[in-house]
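Chain H is already provided as a structure; the job is to place chain F on it using the hints.
Just so you know, the sequences run in chain order H and F. Heads up: the first sequence runs through residues 179 to 497, numbered per the numbering used here. Heads up: the second sequence runs through residues 179 to 497, numbered per the numbering used here.
Just so you know, these hints were derived from the structure itself, not from any lab. Among the hints, a few may not be true.
Pairs involving identical chains hold if they fit within one copy or between any two copies, as the list cannot separate such chains.
[Stated by the list, open to error] Lysine to aspartate or glutamate pairs mimicking DMTMM-like chemistry, simulated, CA-CA at most 25 Å apart: (1) Lys441 x Asp384; (2) Lys285 x Asp204; (3) Lys264 x Glu422; (4) Lys441 x Asp456.
2 protein chains.
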Amino acid sequence: MNQNHHDCALIALDWGTSSLRCYRYDGSGQVVERRAHPWGIMNLPAVEHGDDAQAPYRAALEAACGDWIAAAPEAALIAAGMVGSKQGWREAAYLTVPLAPDGIGRKLTEVDTGLGRSLWIIPGLLQNSALPNVMRGEETQVIGALQQQRQSELLIGLPGTHSKWVRVVEGRIEHFDTFMTGEVYGALCGHTILGRTMHKPDVPDDAAFVRGARVAQGPQGQAGVLSNIFSSRTLGLTGELAPEAQPDYLSGLLIGHEIAALKSLYPAQQAPIVLIGDAGLCRRYRLALELYGLGPVSEADAATEAGLWILARHAGLVA
Amino acid sequence: MNQNHHDCALIALDWGTSSLRCYRYDGSGQVVERRAHPWGIMNLPAVEHGDDAQAPYRAALEAACGDWIAAAPEAALIAAGMVGSKQGWREAAYLTVPLAPDGIGRKLTEVDTGLGRSLWIIPGLLQNSALPNVMRGEETQVIGALQQQRQSELLIGLPGTHSKWVRVVEGRIEHFDTFMTGEVYGALCGHTILGRTMHKPDVPDDAAFVRGARVAQGPQGQAGVLSNIFSSRTLGLTGELAPEAQPDYLSGLLIGHEIAALKSLYPAQQAPIVLIGDAGLCRRYRLALELYGLGPVSEADAATEAGLWILARHAGLVA
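If we strip away everything but chain H, and leave its shape as in the complex, we get (with noise of 0.2 Å):
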């Protein structure tokens, strides 16, 4: 293993719809450099490019990262996220679930910079079940996260705008459902009059997220959510709900909901939960989790890291 090899084994980037972050790895697989800039998939520098739809692309990834390309020139590129989307770089076709990490990693989209190098995009994922589901991203943090585990059954769950639960059996991804319970929120509270009462409180209420929480759970959740979430306005009306206490107990109500529904989606689930994303979020859903009876619940660091790095293993692209 040379020098070079050492310093820099693989450049690996988390290429979403908001922001582009690069990882630099050496040869034992450890991230030695991060960068994080914003130029998502829609969000794309501004650059002369006549009829070059890929120039933005290219102008990005040099900008980010064009300096580790040029000091490593046996290093691999790969990506995941909405950069493989039908918006993106160049689409990676969605690969159908079941599936194991090598399945994934042997199907990777292969990508001309211009810079001299390719780049290889991870495929996202489809369910084809009735209601079929999707994922691109969050597949490479599930690989990542499995990589700490033992148990040959897990839940997975990633919170965030579209919040995805992930059942995992002897380290294959079998199933998986999504909730649009982050987007749903901030619709909520950007653009209905539940807003219009609210007033950010500066530290997250706990009482108010887990009061809302017991709503979904209890009998009042009955009504469901679309009910539920009115008493936002009426608790308010009423003097029992402070504007301030209002934003966490609406959250608390949604996230009540999407725990509740998953355990009617697993009545009988006792796997151990790994939660992935950002800390103050998880740490609600575990809240909530817990307010449920479900558990144990754990946290992966680094999913999206280890993620990359595994499926480049797989695909042949580090030793």
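Leaving out everything else, chain F in the frame of chain H:
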């Protein structure tokens, strides 16, 4: 009964957030003239009013039916709707259910209009349960619809931005629930990723609507509304749902979940259902209710006009 009184025994207003509707009644309670203006309480005419916060209300009322008021010195003025909210002309306090129509009619709030006549505002209703519920305006429609019914128990549905479901026993309003279905639908279409792949069809797509309602009703409905709605996007990605079918499919999902919740709130529901509201929307609700085996379903006509007259009678404003 003099000629004037016969021509105009009552002037009644349905004064909501976005519109002001006016009705002129003869002495037998028949509406002889109708007018509609865009002067809801959030959209009052711009007038020079200095410190007089009442001036825009007075201006709207005068412009809308000042001629009626001048021509009928003995006609009373009554109003229902958001004009009686905290943000309206004068707050008409909420009354607590259960409550009968005459109990509502005896509790009107008087406003000096400055036009030589008082305006009598109908109170809203409050249900003081664990999750409180409120209505303002719908109580008048419910009372109007009751006039056409002889059953001892009824479930009255008012589909819309905030759908209401009202249980009536022996002519008393016993209980009601609110579903933010219409407003959530608007926020999802206008402000989430689901709207981006939709095209509004030229004519409502009932097949797509029923498909969505069936998802809510069937085993997939277990995943809940926050998860089901994502299928509006994923069925599009897999080519199974055309862009023109997505709006009505999503509407069917949401209304289907509303009816599913209603059915779990009233598991033994066998009372006749009466719908009040926009004809196209009532038709959709009827489709969803029939799918769930609820009914029989009928529709009430001119419920607002009838309710305003009845409450004016209970208030002693007309004979």
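Results for each hint:
1. Lys441 x Asp384: Within one copy, since 22 Å is at most 25 Å while 32 Å is not.
2. Lys285 x Asp204: within (24 Å within a copy, 78 Å between copies)
3. Lys264 x Glu422: Classified as between; 20 Å across copies, 41 Å inside a copy.
4. Lys441 x Asp456: Close inside one copy (22 Å), not across copies (37 Å); limit 25 Å.
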